[in-house]
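First to last, the protein sequences are chains A and B. For the first sequence, counting from 1, position 613 maps to 828 in our numbering; every step adds exactly one. For the second sequence, counting from 1, position 95 maps to 108 in our numbering; every step adds exactly one.
Worth double-checking, as some hints may not be accurate.
Derived lysine-lysine pairs resembling DSBU-like cross-links, with alpha carbons at most 30 angstroms apart [unchecked claim]: (1) B:Lys124 with B:Lys165; (2) A:Lys560 with A:Lys695; (3) A:Lys291 with B:Lys54; (4) B:Lys154 with A:Lys291; (5) A:Lys301 with A:Lys261; (6) A:Lys527 with A:Lys500.
Everything labelled a hint here was simulated from the structure, so no lab data went into it. As the structure is a computational prediction, the values presented were derived from the model and not from experiment.
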Amino acid sequence: MQRLFAYFERNSIRFELFRLVVVLASAALVISLVGGTMFEWNNQQKHLRQSLATIAEAAGTAASAAIVFNDSRAAKQALQILVARKEIEAAAFYSLQGIRLASYGDDAQLPRNIDQLSEHLPDFGLFLSSATLYQPIWLDDSTIGYIFVRASLRDYRHGFLLHAALAIGVNLLGLLLVLGFGLRFLDNIVKPVKELADTARQVRRAGNFSLRATPPGSKAARNEVGELIDSFNAMLAEIEQRERELSNYHTSLERMVLERTEALLAANAELQAAKDTAEAATVAKSRFLAAASHDLRQPIQAINLFKDALNKTALSAEQQRISNFLARSIQSLGDLLNALLDISKLDAGAIRPAPELLDVQDLFGSIDAEFSPLAAAKSLRFKLHFSFGPMSLCTDGKLLQSLLRNLIGNALKYTERGGILVAIRRRGQQALIQIWDTGIGIAPENLATIFDEYFQVANPERDKAKGLGLGLSIVKRLAKLLDTEIACRSRLGRGSVFEFCLPLAGHALPSNPGPDEAAPARAAPASAADARHIAVIEDDFMVAQALQVSLEALGMRTAVYGSAEEALADPGIAAADFYISDFRLPGASGLELLDTIQRLTPRRIRAILLTGETSPGWIEIAQSARWPVLFKPVELSKLLALIEAQDAGR
Amino acid sequence: MTLKRIFLWMVVALALPAPGLAADAATEQSLRAALVFNFIKFTEWPPAADGNALLRVCLASNDPVQLAALDALDERRVRGIPLTTARFRRQADCDVIYVDSGQRWKEIAEKRASGSVLTIGGYAGFVADGGMVEISLQDDKARFDINLLEAKRAGLRFYPQLLRLARRIVE
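Start from the sequences, fold in the hints, and give me the full structure.
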């Protein structure tokens, strides 16, 4: 039984096919059985009717005269022919009036008279014990009486049941045959499929692609299932092959990765070692430099003293000249040592910033004292701008001075014409410190590298006379110590600005106005002027800076443009409250520029033209202009007065 | 004779009212007429020129009751052929002749010509006189004798069922 269940596993293809065979065969056999039985039933009934009707008719015919002549004895004799039919239990003749003339067999089974009966043939019934026939007796073409026959159905029923039993037996036998053969043929289909499914399952479970499905016998191998198995095996073979290749590849890949990882680790370790070495070397270098510069300072100091001593002796003109060269060489050596010392000290972390309250005026005073003569020596303007009110920074004064000294020194170094402006302005809680110059400028591609050691603008040959290139790298280190960052903007050939922010110290001290020439400007009503937006168009950088710084000190907002083209490129140019324009601008005159701006806006623009020209032609042009013209040099107070006058006249 | 049998007789005597003489005679004559009709039923005539369109029954009797009973057969049909009844005049007009006495049969037999005529007699000795069917009533029970020889001679055929009922058959 267990094996049978395994054999007909539910949902298996064998179960499905077997069910199909059973259902089809059963249906066919049931149809045949029912059909045969119905046919047999019909047959039995027909036979019963025919046989009874025939014998009844024979008896009637034989007895016709007896009936006509009312001869019961003769009629009874005639009924004796029914003996031939064992199944007939009883029979009788009736007259036309329905009176029984003669009877045969058991009288109790016969109706006394037949008034209620109608003519009928016997019906076959499985549960009837007997069937009755009632039909007229004819003489020639007229009815002379009736015959009634009752026949036992036992033999008929036996015959029918025997037939039915036989049919059922035969059908069951047929079903068994169908199932037997069906199962044999099923196996031809199912076994290979099952083999295929089992193999596929094993392959899936074990992941073993070396398994193969067994191909069926030669006969089944020719059908689709055989083909399927062959294909499946071929597929498995291919997968096995691929997997082997993949596995090999994987192994080699793993080995490769391992090798690479080891190499990488080794390289990393080397790199780390190198880094450690380098850092150690840097520290060592810095220490060495600090020690060396300190030690070198002593002999230099000595040389300096010897040089002074030498100068005190009587020297010839030639000796005096050599002594001067010597002094300059000593100075250079001292500067170099100082710079080296600074860098090494900074790199070594030997310097800690000590923030203190630093008065801006004091700071700028010392800067002015130090650099004004140097600028004057190079014929450069050196201007300082700082607000008139008291302003204090909270920072390390020595480091800040060193930083400014480096930046201003650089500015002086790279500026041949124009000047240098050092400005400090409030920016919220911070002070913005700017160092402007009109020097050679820095190309955009170089801006990123100027803070590196030994970078020198326009000095790839490293002209020793121009310094060592250590300045900006020191600046970078100093700014870092002061917790700020240096930004640099520059235009090649026009100048540069270096700027940085430092925190302001607490609240401002009470104002202490001093008597100076800026008093009228400061006295000017600030409320109206505050909102003013003044556009300055000036190609001379220093003049433009001076104007901007002065006007902004009065609380005005300024925008500075180097040319008419630059001014017109600004989409907000027409919205300015006031224009201060140089008369002679590159490419176009200030007058033309103001006319162009006037065309951009419907309101009448207010402006002042500045010019350095004093020829009579220029004066004529100026007088014909719609705007006032001032001749340089212009004093700030006069400029402000004109601005105020135009404001009043609007 | 047992008690049961006496009882049965008494039941029969009580159930059947004693018939009067006239009524008795009429019943007997109707029985005879019915017998005549039944004999015609079981007799087959040879095919005739006129196609047996009519069966003529001739009555040779003076008994008015008997005549009336036999006249009742008029218009009745056998195998679809209508019967007509008439008093006997000559044989040529008859297919069936009913004779009630030997006297009249002698008169008829003297003038008899050959022909397919069924002869039925109502008196004893008719078959011996050369008649074909002799009716005799015994205890209200009809009996008959048949002269098959005469019938064959006349070309008539009796149904075998009839012959089986006959008391005596002359061949």
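* Which earlier hints can't be squared with this structure? -> When the structure is compared with the hints, only number 6 turns out to be violated.
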